[in-house]
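In order, the protein sequence lines correspond to chains E and L. Residues 1 to 115 in the numbering used here are what the first sequence lists, from first letter to last. Residues 1 to 113 in the numbering used here are what the second sequence lists, from first letter to last.
Where hints are given, some of them may not hold.
To give an idea of the interface, some chain E residues facing chain L are shown, with a C-beta separation under 8 Å as derived from the structure [as the list claims (entries may be wrong)]: (1) L46; (2) G62; (3) F90; (4) F105.
Below, simulated EDC-like cross-link-like pairs (lysine to aspartate or glutamate); rule was C-alpha separation at most 20 Å, straight line [unchecked claim]: (5) K49/E to E101/L; (6) K26/L to D62/L; (7) K58/E to E101/L; (8) K61/E to E52/L.
These are computed hints drawn from the structure, not numbers from a lab. In this text, a Cβ means the ideal position worked out from N, Cα and C, and glycines have one as well.
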Amino acid sequence: AQSVSQHNHHVILSEAASLELGCNYSYGGTVNLFWYVQYPGQHLQLLLKYFSGDPLVKGIKGFEAEFIKSKFSFNLRKPSVQWSDTAEYFCAVNAGSSNTGKLIFGQGTTLQVKP
Amino acid sequence: DAGVTQSPTHLIKTRGQQVTLRCSPKSGHDTVSWYQQALGQGPQFIFQYYEEEERQRGNFPDRFSGHQFPNYSSELNVNALLLGDSALYLCASRRRRAGTEAFFGQGTRLTVV
């Protein structure tokens with residue numbers, strides 16, 4: 001069965017520290033990859049997405065992610081976090097036909113940034 | 001331009017009862033998916049609707065059913081509620097063509113007592 005694994009469940013960083021959140025998926029075919037963020041009290045918002053092309057994807061608020069096909073990974077990075085980045089982060093995969101709407105989510109990583 | 005809207009925001013039901021949750025997709029979107037998010041977990045796909053039919057289904061029992069209306073809005077129905085159905089129910093909408101991402105509503109928090 002397809003699955004998504006996020007290795008870090010709870011991350012605590014100080015402001016200006018660098019961030020990397022791991023995401024691995026299990027599916028051997030074509031995938032579309034996403035990172036969503038959920039700020040406290042708000043709905044899930046798309047941070048960035050990968051469909052094809054350049055495996056290094058840039059998203060909103062200074063986030064980026066790199067798709068490494070050989071490692072089945074799509075790790076999220078940010079060079080310098082801010083207190084406002086405190087949120088829950090979800091990696092998601094849309095496997096198979098890119099026209100399907102089914103997203104498979106990881107269990108999420110809670111990021112706490114200390115001012 | 002309104003995003004995805006869900007109603008109600010919170011709901012408390014008793015075991016064995018039935019519940020209906022509603023979703024209006026983002027303007028221009030024709031496909032609606034529903035997800036269940038238990039506390040501390042990522043969202044789990046329940047099913048997807050477009051052209052008023054269920055097109056894909058996740059690993060949920062038949063107690064979970066849905067409907068899509070001609071205006072693309074959707075309902076999620078859950079019968080014979082169990083305590084384990086307590087969760088945040090998310091609706092997501094998108095345009096049904098390749099290369100589009102899903103937009104999520106704020107969810108309905110269902111508590112079964």
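Hints, one by one, checked against the model:
1. L46: At about 5 Å, which falls below the 8 Å cut-off, the nearest Cβ of chain L leaves the hint on L46/E intact, so it holds.
2. G62: Violated. Min distance 19 Å.
3. F90: Since chain L brings a Cβ to about 5 Å from F90/E, closer than 8 Å, the hint holds.
4. F105: Holds: closest Cβ of chain L sits about 3 Å from F105/E, inside 8 Å.
5. K49/E to E101/L: 8 Å, holds
6. K26/L to D62/L: With Cα atoms ~27 Å apart, K26/L and D62/L exceed 20 Å; violated.
7. K58/E to E101/L: 15 Å, holds
8. K61/E to E52/L: Measuring from Cα to Cα gives roughly 37 Å; hence the hint is violated.
Hints 2, 6, 8 from the earlier list are contradicted by this structure; the remaining hints agree with it.
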